[in-house]
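Novice: Top line first, the protein sequences correspond to chains A and B. By the numbering used here, the letter at position 322 of the first sequence is numbered 630, and the numbering carries on one by one without gaps. By the numbering used here, the letter at position 153 of the second sequence is numbered 461, and the numbering carries on one by one without gaps.
Be careful, since some hints might not be right.
[Stated by the list, open to error] If you want a taste of the chain A side facing chain B, the calculated C-beta under 10 Å gives, among others:
| no. | residue |
| --- | --- |
| 1 | Asp517 |
| 2 | His519 |
| 3 | His522 |
| 4 | Pro603 |
| 5 | Phe605 |
| 6 | Gly618 |
[Claimed, not checked] Label pairs and their in silico Cβ distance ranges:
| no. | chain 1 | residue 1 | chain 2 | residue 2 | range |
| --- | --- | --- | --- | --- | --- |
| 7 | B | Leu494 | A | Leu402 | 48 to 54 Å |
| 8 | B | Asn350 | A | Asn515 | 33 to 39 Å |
| 9 | B | Glu617 | A | Ala580 | 32 to 38 Å |
[What the hints assert, rightly or not] Straight-line C-alpha distance at most 30 Å; calculated BS3-like pairs for lysine-lysine:
| no. | chain 1 | residue 1 | chain 2 | residue 2 |
| --- | --- | --- | --- | --- |
| 10 | A | Lys626 | B | Lys579 |
| 11 | A | Lys663 | B | Lys544 |
| 12 | A | Lys663 | B | Lys591 |
| 13 | B | Lys663 | A | Lys626 |
| 14 | A | Lys661 | B | Lys591 |
| 15 | A | Lys663 | B | Lys626 |
| 16 | B | Lys544 | B | Lys663 |
I should point out that these hints are in silico values taken from the structure, not numbers from a laboratory. Beta carbons: idealized from backbone N, C-alpha and C, even for Gly.
Protein chains: 2
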Amino acid sequence: MEIRQYISENDSRFMNELFSLIRIPSISAKPEHKADMLACANRWKELLIEAGVQRAEIMPSEGNPLVYAEYIISPELPTILIYAHYDVMPAEPLELWESNPFEPEIRDGRIYARGADDDKGQGFIQAKAFEYLIRHNLLKHNVKFIFEGEEEIGSPSLNAFLKEHRKLLKSDIILVSDTSMLGADLPSLTTGLRGLAYWEIEVTGPNRDLHSGHFGGAVANPLNVLCSMLSQVIDKDGRITIPHFYDDVEEVPAAEREMIAHIPFNETSYKAAIGVDELQGEKGYSTLERNSCRPSFDICGMWGGYTGEGSKTVLPSKAYAKVSCRLVAHQDHAKISQLFINYIQDIAPRSVKVKVTPMHGGQGYVCPIDLPAYKAAEAGFTKAFGKQPLAVRRGGSIPIIADFEEILGVKTILMGFGLESDAIHSPNENFQLDIFRKGIEAVVEFHQAFDTL
Amino acid sequence: MEIRQYISENDSRFMNELFSLIRIPSISAKPEHKADMLACANRWKELLIEAGVQRAEIMPSEGNPLVYAEYIISPELPTILIYAHYDVMPAEPLELWESNPFEPEIRDGRIYARGADDDKGQGFIQAKAFEYLIRHNLLKHNVKFIFEGEEEIGSPSLNAFLKEHRKLLKSDIILVSDTSMLGADLPSLTTGLRGLAYWEIEVTGPNRDLHSGHFGGAVANPLNVLCSMLSQVIDKDGRITIPHFYDDVEEVPAAEREMIAHIPFNETSYKAAIGVDELQGEKGYSTLERNSCRPSFDICGMWGGYTGEGSKTVLPSKAYAKVSCRLVAHQDHAKISQLFINYIQDIAPRSVKVKVTPMHGGQGYVCPIDLPAYKAAEAGFTKAFGKQPLAVRRGGSIPIIADFEEILGVKTILMGFGLESDAIHSPNENFQLDIFRKGIEAVVEFHQAFDTL
Chain A
309 MEIRQYISEN
319 DSRFMNELFS
329 LIRIPSISAK
339 PEHKADMLAC
349 ANRWKELLIE
359 AGVQRAEIMP
369 SEGNPLVYAE
379 YIISPELPTI
389 LIYAHYDVMP
399 AEPLELWESN
409 PFEPEIRDGR
419 IYARGADDDK
429 GQGFIQAKAF
439 EYLIRHNLLK
449 HNVKFIFEGE
459 EEIGSPSLNA
469 FLKEHRKLLK
479 SDIILVSDTS
489 MLGADLPSLT
499 TGLRGLAYWE
509 IEVTGPNRDL
519 HSGHFGGAVA
529 NPLNVLCSML
539 SQVIDKDGRI
549 TIPHFYDDVE
559 EVPAAEREMI
569 AHIPFNETSY
579 KAAIGVDELQ
589 GEKGYSTLER
599 NSCRPSFDIC
609 GMWGGYTGEG
619 SKTVLPSKAY
629 AKVSCRLVAH
639 QDHAKISQLF
649 INYIQDIAPR
659 SVKVKVTPMH
669 GGQGYVCPID
679 LPAYKAAEAG
689 FTKAFGKQPL
699 AVRRGGSIPI
709 IADFEEILGV
719 KTILMGFGLE
729 SDAIHSPNEN
739 FQLDIFRKGI
749 EAVVEFHQAF
759 DTL
Chain B
309 MEIRQYISEN
319 DSRFMNELFS
329 LIRIPSISAK
339 PEHKADMLAC
349 ANRWKELLIE
359 AGVQRAEIMP
369 SEGNPLVYAE
379 YIISPELPTI
389 LIYAHYDVMP
399 AEPLELWESN
409 PFEPEIRDGR
419 IYARGADDDK
429 GQGFIQAKAF
439 EYLIRHNLLK
449 HNVKFIFEGE
459 EEIGSPSLNA
469 FLKEHRKLLK
479 SDIILVSDTS
489 MLGADLPSLT
499 TGLRGLAYWE
509 IEVTGPNRDL
519 HSGHFGGAVA
529 NPLNVLCSML
539 SQVIDKDGRI
549 TIPHFYDDVE
559 EVPAAEREMI
569 AHIPFNETSY
579 KAAIGVDELQ
589 GEKGYSTLER
599 NSCRPSFDIC
609 GMWGGYTGEG
619 SKTVLPSKAY
629 AKVSCRLVAH
639 QDHAKISQLF
649 INYIQDIAPR
659 SVKVKVTPMH
669 GGQGYVCPID
679 LPAYKAAEAG
689 FTKAFGKQPL
699 AVRRGGSIPI
709 IADFEEILGV
719 KTILMGFGLE
729 SDAIHSPNEN
739 FQLDIFRKGI
749 EAVVEFHQAF
759 DTL
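When you get a sec, could you build the whole thing from the sequences and use the hints?
Specialist: In structure tokens, the structure reads:
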């Protein structure tokens, strides 16, 4: 049976299976969802067995368990290791969702739910492409699956897991569907990812909340201090001021900037899609460069003082922020993390106590476009989408991709099917059904092209 | 009966009566406490009747009702109008209280509860001093009481109420117990108060929370922008940068600075009491000047983005702050409010939308120390505390004091009995029992000295 017919005939079963995964709120950031993590891993194990793997098992790690599965034709044949993650981001703010984030709903040709795209939907594409190949006796190489449950919190246990199971995970190429394309009509493959460093900052002023009338003006206010410190991290040209921050940043080569300038990109539509009148970023770089090849600094969350209704005149005792830097290839996240901590401690006034806690981090990644597996992915996209995909660097981070290279010594092909409008990590995350179907087709074609290249 | 004996013999009744007021959580900032406001007003009405007023009534306003009571000996005699407020601040953060904020507990000679000092405890001092005078036939002038229920939210309805009831509230002097003394052994009368302007700021960036990897560096982050704007409000010398902000600020006269320099003040103890290593404020001014005679700018609350457990890499759609300025005499709060709004709109980048909402505001106040009523207050303190009180300006705001002057044409005597250690507006607010008792004595003496001066 042709792949398109197979997808069409199995449509309702596919939806039921995917929905059963989505309904499990596997939010790795929240300890109260511990039981959901195991439930979701088990559901993946069942689905992989039904898809046709020879064996599948839940493997413990220091944190949430991983799902491992394999189909080994012969140890002589090349092996593709497919990675996905079964955990999802928190769904807050819940009031902005139009339907329950954990009860998937199909509206206007899209599945709406937390994880519909990232990464349950995309992981499911891999499982169903594999199922098709197995059921039609078309698989000519070995396939291994590894699905983890901590990607959204920075994969704290994966590093040790990879080291412990190097042999089990032995492979020739890793395939990951967890990235986006430039557009529904603009297929693309991701050849670069940004790294990440993340910190939580706690500023302590007085030992209790003070009356701002009695103390205001004479005692340092932790919120004032935190605003002042964080505002110093970026200068008026949008450059990060942390000393030595740019030391290892490779300037984008002129040829690549030329290529980026030719990517069809409509700034007006981009602004309209996110509802802003003007874009803002580092001086001297275009928007596409700023969000993919250049580092950034964002305050992801901040809180302190009175945040309820009405007005309370208080000089708060504490102020907090969660902040992160996106890093580019060659910037080491551990080194950057320390530079940031030193910098903040350096600019902190003696009138407050400042604690900076490094949270998760990961290195950037670059994939050479002359790899045979890359060519196979290109062929898969071309078949499914009817045009050759562009090779682009993206701004997101999948810190483990660099770990795969370092620990397993294997390159990764980033064959992702997301769209900007999928709103991953945001309320009303969704996944376009036609892209979902083309994705399965593209992966099927990738496996077949892989055998010939 | 002597006043000290009267206080001693009625001690347990006084506590029961005061506790019955405190147990009503009359939090004006929270709409869900609407019913508690009326309950508390009614309880005050009952207590004033029991204390001996000729009539007492609940009077409606545009917001929470007011309690009015009077004892008129003769229209020919001078009239003292006693003001207090029956509303309290929110008690959050609740986890920092050692006992229930609305179930008063006596520990180590202090009453612990929200409102124990501010302003139920202090208002109660006035009621009990009046009761003593009536029961011993010692009152020689008219007394009126007006207790409001919106002081902690800026008295939004009092202005109109004063205008409507000018005749009813006709008086020669107003007496308010809602301020603090320099110390338990350092009695003082407040002769100046700072004004207040308060705003809420909402910064909107993209129309939804964005993935900080895909958009970070290319799209303005509302939290970054808000930090940057707020950090610009104060310069490195601790001066407020809003154009024309200092236009109407009177420099503290040299003679007054000299007096302030002689107020016993131990900076080491002050820092130890609030747990900071170093103080911080406007260059060129002392701590006591900074917190009383100079304006200040504080971020009272701030929030936005992901504030839960773990790390979420998000570029938030919204960022919020509640900010306030303490103002000094001659600075008009409405003018300052507009200057701030203009300034923030002026420095806001076009990459975000900024909305600044003025919340409550009030003018500063100065009381001349040669007023006969001020002299009477001085005499009352001297009798009760055994030493002459110092005349000091304080940093807090009671915006209505300026309204009394403007609308009723009457000066106010600020005869407050709080201490810094009372932790008003903070967790574990408390009121020292010996000060409470001396307060009643001081007010009794004030009334008697008033008749002779």
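Novice: Are the Cα positions of Lys663/A and Lys591/B separated by 30 Å at most?
Specialist: holds (27 Å)
Novice: With a cut-off of 30 Å on the C-alpha distance, tell me whether Lys663/A and Lys626/B pass.
Specialist: holds (25 Å)
Novice: Are Lys661/A and Lys591/B close enough, with their CA atoms no more than 30 Å apart?
Specialist: It holds: about 21 Å lies between the C-alpha atoms, which stays within 30 Å.
Novice: Using the C-beta atoms of Leu494/B and Leu402/A, is the stated range 48 to 54 Å upheld?
Specialist: holds (53 Å)
Novice: Let's test the interface hint: is any C-beta of chain B closer than 10 Å to that of His522/A?
Specialist: Holds: closest Cβ of chain B sits about 5 Å from His522/A, inside 10 Å.
Novice: Cβ-Cβ distance between Glu617/B and Ala580/A: within 32 to 38 Å?
Specialist: holds (35 Å)
Novice: Going straight from one Cα to the other, do Lys663/B and Lys626/A come out at no more than 30 Å?
Specialist: holds (25 Å)
Novice: Against chain B, with CB atoms and a cut of 10 Å, does the hint on Pro603/A hold up?
Specialist: holds (7 Å)
Novice: Please verify whether Lys663/A and Lys544/B have alpha carbons no more than 30 Å apart.
Specialist: Given pair Lys663/A, Lys544/B holds - Cα atoms ~22 Å apart, limit 30 Å.
Novice: At a threshold of 10 Å, is the proposed contact between Gly618/A and chain B supported by beta-carbon distances?
Specialist: holds (3 Å)
Novice: Within 30 Å, alpha carbon to alpha carbon, are Lys626/A and Lys579/B?
Specialist: holds (16 Å)
Novice: Under 10 Å is the threshold here; is the Cβ of Asp517/A close enough to any Cβ of chain B for the hint to stand?
Specialist: This interface hint holds because 5 Å falls under the 10 Å limit.
Of the numbered hints given earlier, the model fails none.
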